[in-house]
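A.B. asks: The working numbering numbers the first residue of the sequence shown as 56 and each following residue consecutively.
Worth double-checking, as some hints may not be accurate.
[To be verified] Calculated cross-link-like contacts (lysine to any residue; reagent style SDA-like; alpha-carbon spacing at most 25 angstroms): (1) 179 with 259; (2) 256 with 202; (3) 152 with 162; (4) 84 with 300; (5) 154 with 256; (6) 289 with 214; (7) 175 with 105; (8) 148 with 255; (9) 263 with 275; (10) 81 with 302; (11) 289 with 303; (12) 134 with 259; (13) 322 with 300; (14) 84 with 94; (15) 154 with 69; (16) 179 with 313.
[To be verified] Here are the in silico distance ranges between beta carbons for each label pair: (17) 135 with 217: 32 to 40 angstroms; (18) 153 with 104: 30 to 38 angstroms; (19) 311 with 77: 13 to 21 angstroms; (20) 131 with 255: 25 to 33 angstroms; (21) 105 with 321: 31 to 39 angstroms; (22) 303 with 75: 28 to 36 angstroms; (23) 217 with 70: 26 to 34 angstroms.
Derived by calculation from the structure, the hints in this document are not laboratory data.
Computed from a prediction, not measured in an experiment: that's the story for all the values here.
Built from N, CA and C at the ideal position, the CB exists for glycine as well.
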Amino acid sequence: MSALLSSCFSRYIISAKEVRKHYADKKVKPREIFLRNDTLSLSLASMGPDTLPMLLLIHGAPGSLWGYMNLMDDEDLQKHFHIVSVDRVGYGKSRLKKKRYVTSIATQANALLPVFSLNKSGQKVIVLGRSYGAPIAAKLTSLAPEQVKELIMVSPVIDPEKERFFWFSKWGRMSFIQLFLPRAFNAATAEKYSHADELRKLLPVWEKIHVPTTVIQGGNDWIADPANIDFAKKHIKSKRAQYIFLYNAGHMITFSHASMIKEMLLKSRLFQDKITALDVGPSGGEIGN
Numbered sequence: 056m057s058a059l060l061s062s063c064f065s066r067y068i069i070s071a072k073e074v075r076k077h078y079a080d081k082k083v084k085p086r087e088i089f090l091r092n093d094t095l096s097l098s099l100a101s102m103g104p105d106t107l108p109m110l111l112l113i114h115g116a117p118g119s120l121w122g123y124m125n126l127m128d129d130e131d132l133q134k135h136f137h138i139v140s141v142d143r144v145g146y147g148k149s150r151l152k153k154k155r156y157v158t159s160i161a162t163q164a165n166a167l168l169p170v171f172s173l174n175k176s177g178q179k180v181i182v183l184g185r186s187y188g189a190p191i192a193a194k195l196t197s198l199a200p201e202q203v204k205e206l207i208m209v210s211p212v213i214d215p216e217k218e219r220f221f222w223f224s225k226w227g228r229m230s231f232i233q234l235f236l237p238r239a240f241n242a243a244t245a246e247k248y249s250h251a252d253e254l255r256k257l258l259p260v261w262e263k264i265h266v267p268t269t270v271i272q273g274g275n276d277w278i279a280d281p282a283n284i285d286f287a288k289k290h291i292k293s294k295r296a297q298y299i300f301l302y303n304a305g306h307m308i309t310f311s312h313a314s315m316i317k318e319m320l321l322k323s324r325l326f327q328d329k330i331t332a333l334d335v336g337p338s339g340g341e342i343g344n
């Protein structure tokens with residue numbers, strides 16, 4: 056059973072050996088950084104000079120900072136951004152003292168606040184969160200709106216009534232099974248069984264987000280219910296919010312539609328004060344406000 060559970064989500068975990076092999080022959084390599092205080096140890100990977108505008112990447116569950124390697128490695132993005140990908144507390148080498156797993160969205164977001172100190176550009180930060188990282192990105196934005204330029208949520212799991220459970224979910228809670236599973240899987244399981252309650256606590260936050268916000272959702276997403284985009288439209292009050300529905304996309308949009316994400320970041324063409332609606336039908340996506 057443990058082997059089966061591991062295989063279900065193995066594509067979301069990248070080993071240290073795989074990271075070393077990936078960067079062995081690359082000219083541009085990330086710098087690993089640790090931010091530490093009395094209670095927190097936060098692990099990050101940084102690409103590019105800190106004088107460029109920061110792009111902060113927040114992973115889902117399970118996951119790690121290396122799950123964004125395709126964006127971190129992009130030469131065009133490297134020229135325009137100080138790219139920072141972070142291990143959330145409970146994942147990789149990031150820890151919060153005396154806590155094995157951190158299921159609180161508020162605690163996760165507060166733990167990321169020190170990352171803003173790495174921004175030396177004099178410009179605000181673009182915050183991108185994927186899957187379970189999306190509500191954490193939103194909470195982080197609400198905690199420091201003066202430091203955030205744009206919020207991007209990709210494949211977000213944000214509707215407390217649409218939390219999906221799978222046949223193997225209950226097995227991951229068993230202590231005996233957990234002994235044989237990677238730490239990230241156990242952290243993800245702990246988050247999953249607290250997530251709906253945590254999302255309900257987040258309900259008052261959505262109307263407080265006024266920065267330009269984009270929500271991107273796939274129609275064939277088996278992890279994040281596609282109806283999450285309807286929740287976003289209902290609850291996000293920002294006048295500069297927009298929604299992209301990709302009918303045929305799955306959960307890993309940062310890979311399947313990396314070129315779209317890249318263009319959006321480079322041109323900021325979706326972040327205009329006046330937003331027009333575009334419906335390109337089932338073969339592509341839908342953009343609307």
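A.B. asks: Which of the listed hints are broken here?
C.D. replies: 4, 8, 9, 10, 12, 14, 20, 21
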